[in-house]
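K.L.:
Sequence:
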Amino acid sequence: MTNLETIDKQYVLNTYARNYVNFTKGENATLYSDDNKNYIDFTSGIGVVSVGHGNKKVADAICKQVSNITHISNLYAIEPQAKLAQKIAQLSGYDMAMFFGNSGAEANEGAIKIARKYGETKFDNKRYKVITLEHSFHGRTITTVKATGQKSMHSDNFSPYPDGFSYDKKIEDIYNSIDEQTVAVMIELVQGEGGVQPFDKSEIQKLANYLKENDILLIVDEVQTGAYRTGEFLASNLYDIEPDIITMAKGVGGGVPIGIVLTKHKDILVPGDHGSTFGGNYLSTSASLEVCNILDELKNSGKLDETIIYFETKLKEFYENHTDIFEDMVGLGLMRGLRVKSADLLTDIITKSFENGVLVLKAGKNTLRFLPPLTISKKEIDEGFARLENSLK
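FYI, in our numbering the residues of the sequence shown are 78 to 470.
It is worth saying that the hints were derived from the structure and are not from the lab.
Accuracy of the hints is not assured; some may be wrong.
[Said to hold, decoys possible] Below, computed lysine-lysine pairings styled on PhoX-like, alpha-carbon distance capped at 25 Å:
no., residue 1, residue 2
1, K442, K456
2, K343, K203
3, K456, K470
4, K442, K391
5, K455, K246
6, K199, K343
7, K380, K391
8, K203, K278
9, K246, K429
10, K160, K343
11, K164, K134
12, K380, K393
13, K393, K429
14, K456, K114
15, K439, K228
16, K164, K133
17, K203, K190
18, K429, K102
19, K442, K376
20, K228, K190
21, K455, K442
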């Protein structure tokens with residue numbers, strides 16, 4: 078057992094089944110461990126390190142900011158927060174206002190609070206019910222874990238849970254579940270933890286129109302799909318819909334903790350309704366603003382689309398070479414998955430890949446998931462797939 082493992086096991090609560098490699102340095106999509114091994118990172122910290130490891134522009138922006146002010150609280154105006162909100166509104170193309178927190182779960186909590194207040198104040202009868210999907214994932218707080226449609230997440234150890242959540246298997250089932258107390262439907266357009274499954278565009282557009290006609294809010298959880306992960310700034314842009322509420326986190330901060338709720342219902346919250354000590358502080362919003370600028374440039378230059386096409390081509394080649402192991406290829410943009418024929422085989426592939434110097438993820442029961450940095454180079458993509466080939470030998 079390494080010294081690091083000993084300390085970790087003694088002082089850190091045992092909530093993760095950890096791999097005890099010790100990474101000490103990163104350059105774009107390549108990580109280096111303390112024993113001088115290098116790894117191609119097809120995970121980007123579960124879709125977080127959107128502009129790569131050790132990004133100099135982000136590091137400089139953070140360094141410059143913390144040399145002056147790291148935090149002052151939301152009792153005062155915060156310039157980078159205001160500028161980031163403006164930038165995100167511009168990139169999204171939606172006329173929305175934002176609340177800043179520190180994580181995806183926190184953003185989803187904020188979204189649910191907005192929906193509940195809308196349901197309380199806009200109708201004669203109280204509307205509070207939120208419908209989500211069975212394979213969804215929305216967070217780990219008591220409320221967002223209840224909003225998550227996976228039964229296995231609703232352990233009696235943490236009960237009782239808040240009321241008002243129900244789950245449907247398919248999008249088409251939602252229509253029959255709506256009643257006079259339904260205030261919102263909350264979905265991911267590509268279920269990240271549920272197996273990298275994108276929904277059909279026409280099905281989503283039909284749902285969005287129906288909800289709008291019936292004055293029911295559409296909440297889109299873009300924690301994993303946001304910040305160009307699917308090729309557009311938001312998956313909502315790709316699906317050509319305008320949700321009432323959108324949540325973001327992960328890639329929009331490039332590694333700095335941030336959670337964002339965007340809503341077109343700009344007047345719903347008033348001072349005292351919601352808040353966060355750290356949310357939207359100088360550090361996180363300066364970093365996120367730099368990340369958004371880098372990604373905006375990457376998209377406009379055509380580089381991002383080029384990378385997506387190249388990655389998809391290499392993934393398809395890899396898939397076609399191993400149809401004895403994989404049964405399907407799923408996903409969008411740089412959020413991809415290969416369905417493995419058995420769950421045991423998936424665990425073996427992840428272990429072997431690590432031994433061969435490439436990091437990959439699991440999603441759902443049997444999906445090998447790929448979430449590389451959006452800035453990944455062709456050389457890193459080639460090397461990553463060469464190592465994956467070796468892992469399957």
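K.L.:
The structure should be examined with respect to each hint, and the outcome stated for every one.
P.N.:
Verification of the supplied hints:
1. About 31 Å separates the Cα atoms of K442 and K456, which puts this hinted pair outside 25 Å; it is violated.
2. Between K343 and K203 the alpha-carbon distance is near 20 Å, which keeps this suggested pair within the 25 Å criterion.
3. This hinted pair checks out: K456 and K470 have alpha carbons roughly 22 Å apart, not beyond 25 Å.
4. Using a Cα cut-off of 25 Å, the hinted pair K442 and K391 holds, with the two alpha carbons roughly 24 Å apart.
5. Pair hint K455 plus K246 does not hold up; C-alpha atoms about 38 Å apart against a cutoff of 25 Å.
6. This hinted pair checks out: K199 and K343 have alpha carbons roughly 14 Å apart, not beyond 25 Å.
7. Note on K380 and K391: the hinted pairing holds, with a Cα-Cα distance of about 17 Å set against a maximum of 25 Å.
8. The hinted pair formed by K203 and K278 fails the criterion: a straight-line CA distance of about 32 Å is larger than 25 Å.
9. Our distance criterion of 25 Å between C-alpha atoms is broken by K246 and K429, whose separation comes to about 34 Å.
10. Among the hinted pairs, K160 with K343 is consistent with the structure: their alpha-carbon atoms are about 17 Å apart, no more than 25 Å.
11. Only pairs whose Cα atoms come within 25 Å are accepted, and K164 paired with K134 is accepted, the gap being roughly 17 Å.
12. Taken as a hint, the K380 and K393 pair is honoured in the structure, with Cα atoms around 20 Å apart against an allowance of 25 Å.
13. For the proposed pair K393 and K429, the alpha carbon gap of about 20 Å is at most 25 Å, so the pair holds.
14. Only pairs whose Cα atoms come within 25 Å are accepted, and K456 paired with K114 is accepted, the gap being roughly 17 Å.
15. For a cut-off of 25 Å, the pair hint linking K439 to K228 stands: about 19 Å separates their Cα positions.
16. Taken as a hint, the K164 and K133 pair is honoured in the structure, with Cα atoms around 21 Å apart against an allowance of 25 Å.
17. With a CA separation close to 14 Å, the supplied pair K203 and K190 stays within the 25 Å bound.
18. Taking the CA atoms of K429 and K102, the gap is about 22 Å. The hint holds against a cut of 25 Å.
19. At most 25 Å may separate the alpha-carbon atoms for a hinted pair to count; K442 and K376 exceed this at roughly 33 Å.
20. The hinted pair formed by K228 and K190 meets the criterion: a straight-line CA distance of about 23 Å does not exceed 25 Å.
21. With a C-alpha separation of about 30 Å, the suggested pairing of K455 with K442 is violated against the 25 Å cut-off.
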